[in-house]
Amino acid sequence: MDKFKHLKTTAIPLPSQDIDTDQIIPARFLKATSREGFGENLFRDWRFNEDGEPKKDFVLNNTDYSGSILVAGRNFGCGSSREHAAWALVDYGFRVVISSYFADIFKGNALNNGLLPIQVSDEVLDMLLTNVESNPALEIEVDLEAQTLSVPSINLLESFDINSYKKTCLLNGYDDIDFLLSKMNKIKEFENNYRGF
Amino acid sequence: MGKTLFEKTWDSHVVDKVEGGLEILYIDRHFIHEVTSPQAFDGIRKRGTGLFRKEKIVATADHNVPTINQHLPIQDPLSRFQVDTLIRNCDEFGIELYGLGHPFQGIVHVIGPELGITKPGMTIVCGDSHTSTHGAFGTIAFGIGTSQVEQVMATQCLLLERPKTMRITIDGELGKGVYAKDIILHIISKLTTAGGTGYFVEYAGSAIKALSMEARMTICNMSIEMGARGGMIAPDETTFNYIKGREFAPKGEEFEEAVEYWSTLYSDDDAVFDAEHTFDATEIEPMITYGTNPGMGVGITKSIPTKAIKGNEASFAHSLDYMGFKAGDKLIGKQIDHVFIGSCTNSRIEDLRIVANYVRGKKKAGNVKAMIVPGSKQVEEQARREGLHEILREAGFELRSPGCSACLGMNDDKVPPGKYCISTSNRNFEGRQGPGARTMLVSPFTAAVIAIEGKIVDVRNYVEEGVNI
Ligand code: SF4
Chain A
1 MDKFKHLKTT AIPLPSQDID TDQIIPARFL KATSREGFGE NLFRDWRFNE
51 DGEPKKDFVL NNTDYSGSIL VAGRNFGCGS SREHAAWALV DYGFRVVISS
101 YFADIFKGNA LNNGLLPIQV SDEVLDMLLT NVESNPALEI EVDLEAQTLS
151 VPSINLLESF DINSYKKTCL LNGYDDIDFL LSKMNKIKEF ENNYRGF
Chain B
198 MGKTLFEKTW DSHVVDKVEG GLEILYIDRH FIHEVTSPQA FDGIRKRGTG
248 LFRKEKIVAT ADHNVPTINQ HLPIQDPLSR FQVDTLIRNC DEFGIELYGL
298 GHPFQGIVHV IGPELGITKP GMTIVCGDSH TSTHGAFGTI AFGIGTSQVE
348 QVMATQCLLL ERPKTMRITI DGELGKGVYA KDIILHIISK LTTAGGTGYF
398 VEYAGSAIKA LSMEARMTIC NMSIEMGARG GMIAPDETTF NYIKGREFAP
448 KGEEFEEAVE YWSTLYSDDD AVFDAEHTFD ATEIEPMITY GTNPGMGVGI
498 TKSIPTKAIK GNEASFAHSL DYMGFKAGDK LIGKQIDHVF IGSCTNSRIE
548 DLRIVANYVR GKKKAGNVKA MIVPGSKQVE EQARREGLHE ILREAGFELR
598 SPGCSACLGM NDDKVPPGKY CISTSNRNFE GRQGPGARTM LVSPFTAAVI
648 AIEGKIVDVR NYVEEGVNI
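So the sequences go chain by chain: A and B.
Sequence positions in the first sequence follow the working numbering and run 1 to 197.
Sequence positions in the second sequence follow the working numbering and run 198 to 666.
Keep in mind that the hints were calculated from the coordinates and are not lab data.
Just so you know, these numbers come straight off a predicted model, no measurement behind them.
Do not rely on the hints blindly, as some may be mistaken.
A few chain B residues facing chain A, derived, Cβ under 10 Å [to be verified]:
no.: 1; residue: I221
no.: 2; residue: G240
no.: 3; residue: C323
no.: 4; residue: L355
no.: 5; residue: S512
no.: 6; residue: S516
no.: 7; residue: N608
no.: 8; residue: G631
List of simulated lysine to aspartate or glutamate pairs, EDC-like, C-alpha gap at most 20 Å [to be verified]:
no.: 9; chain 1: A; residue 1: K56; chain 2: B; residue 2: D518
no.: 10; chain 1: A; residue 1: K167; chain 2: A; residue 2: D2
no.: 11; chain 1: B; residue 1: K253; chain 2: A; residue 2: E191
no.: 12; chain 1: B; residue 1: K616; chain 2: A; residue 2: D51
no.: 13; chain 1: A; residue 1: K8; chain 2: A; residue 2: E141
no.: 14; chain 1: A; residue 1: K55; chain 2: B; residue 2: D518
no.: 15; chain 1: A; residue 1: K188; chain 2: B; residue 2: E220
no.: 16; chain 1: A; residue 1: K183; chain 2: B; residue 2: D208
no.: 17; chain 1: A; residue 1: K3; chain 2: A; residue 2: D143
no.: 18; chain 1: B; residue 1: K243; chain 2: B; residue 2: D288
no.: 19; chain 1: B; residue 1: K205; chain 2: A; residue 2: E191
no.: 20; chain 1: A; residue 1: K167; chain 2: B; residue 2: E216
no.: 21; chain 1: A; residue 1: K8; chain 2: A; residue 2: D91
no.: 22; chain 1: B; residue 1: K253; chain 2: B; residue 2: D288
no.: 23; chain 1: B; residue 1: K406; chain 2: B; residue 2: D477
no.: 24; chain 1: A; residue 1: K8; chain 2: A; residue 2: E133
no.: 25; chain 1: A; residue 1: K31; chain 2: B; residue 2: D239
no.: 26; chain 1: B; residue 1: K507; chain 2: A; residue 2: D122
no.: 27; chain 1: A; residue 1: K188; chain 2: B; residue 2: D208
no.: 28; chain 1: A; residue 1: K5; chain 2: A; residue 2: D143
So the derived label-pair ranges between C-beta atoms look like this [said to hold, decoys possible]:
no.: 29; chain 1: B; residue 1: E473; chain 2: A; residue 2: T63; range: 43 to 53 Å
no.: 30; chain 1: A; residue 1: I154; chain 2: B; residue 2: P614; range: 33 to 43 Å
no.: 31; chain 1: B; residue 1: T479; chain 2: A; residue 2: K3; range: 55 to 65 Å
In this text, a Cβ means the ideal position worked out from N, Cα and C, and glycines have one as well.
Using the sequences provided together with the hints, build the complete structure.
Dropping the structure here:
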């Protein structure tokens, strides 16, 4: 997993609410057996028509917008547990998703892949969406160490929550498995006293 | 203070509490399938950890398998590669695999319970969000991502934040033509798709107590559709009787001992939940969804709402546009094109019986393509023994072999663009059943009636006395 400390970039607005993982990556593209390459089919059915032609009105096809932050509507990532959704976003080049609500499993999957989900209030999200939509050059700055999100040009400075353990993982680029493997003695000890099934 | 069912079960699995409020939770059973496991096996190989407790893993092939000619090599090269990869991985690591051709093969959430693998008080995970199904037995069961699949393979544990607890109580008797699927669609339509986020739900109340195990599974299955991590129901006589005698159920004295323990798994009278909701079963109608998330559901005779809940206007308009509906439209009388009966929500023997009992001696409408996909080989065999397949075939239903099928359209079982599909599955997302497919979620009984009528009707008028299980 890549380390994450600090990021300053323009953002891509996607105001739809309840964006489910079937939209992020439709099931028919889940047949790969490696983690790479899913970015190609990110938001596939919103991005391309049936013949594979890009749909002009979809934001990822609008060259005005670029950047590695996705600003998305409330309840992002609901639906299936497929980690492919997080892989597709990372593979496409996103490092941060900002929304006012994240589905649980998506949030966990994102954090396990170096993708930072930042939850803000509905008001802040509205403000960000409006400003990013009207000004594609708007830069957003994320500082994980300080847990802040700032947009100096519109006087926005917000702090965000993140579990302290998850924060350490992201900052250092290590994951849960490394941690759990360091606890094997505890786990075996638990098993010895466990009634089991 | 007493403990909730969830807390009793969770606490007995905590290995350690760590920094940031996270807990290491021990996992009793791990189900894997072809789609979300290959990258985890790769990770294990790369790290060189091996599998810590391979005997706690059970594998099946369900998500992308074809539902016709399962005895032949899989046509689609990508699907074949994925299924072959599962076979190779299970072989290499020594994992029990119920693959294509095995008498136990089927949708992972159908086979766990029917084989007696799922038992009260367990923790169960799988790289599939509908793992919540197993909660019907009083287990903590939830879906995980592939990185977590790898964690469980390597350590039999997960690092988790403890979810909050919610109790949903449904009291009263269900009306005629109303089933478990209607209960859960009703709940989600009230609480919305994010209403359960951060919670683990316990379903309680007289309406839940009265349900069979399979109906309870339908309810717990869709917990994830309101954003909850999982749902569970306290085990009781119904649970014990269901488990007794199954392939991997404890036998004899062991069973008696197990029941003794299982009987302690309930929420104490003075246990406190972080959130509580109550519903009146008598007010629940047969439900149908009109939009593109499972929260967009109404009683079948109701109109589509005229406006979205606050802040959801854009998605609401887009969703109706996708479905080809207008706000305020009545659903009754709308023509439909496809009927899909299947998925881990409703593909068990009771579901097939409900459908067969209704369509016996009738013919599906000419404008409808009707497909039934049993949840497992065992369900398929049982249906055959009971003669259900004959009844269904004569009514014009196409009978397939087990798999996830048109629930997620990974194989060829897709609904064509713009077509309306009445489906007993759990997700009506855009494109879920194929690009442009328009899915409307219902119970198996509602699906059966609509298949025959060819359009949406008030199914309560079609309940036949004596055959309505
Ligand atoms: S039937 Fe559908 S929801 Fe159930 S496990 Fe298969 S794909 Fe997932």
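**OP:** Could you tell me which of the numbered hints above are not met by this structure, giving the numbers in increasing order?
**Re:** none
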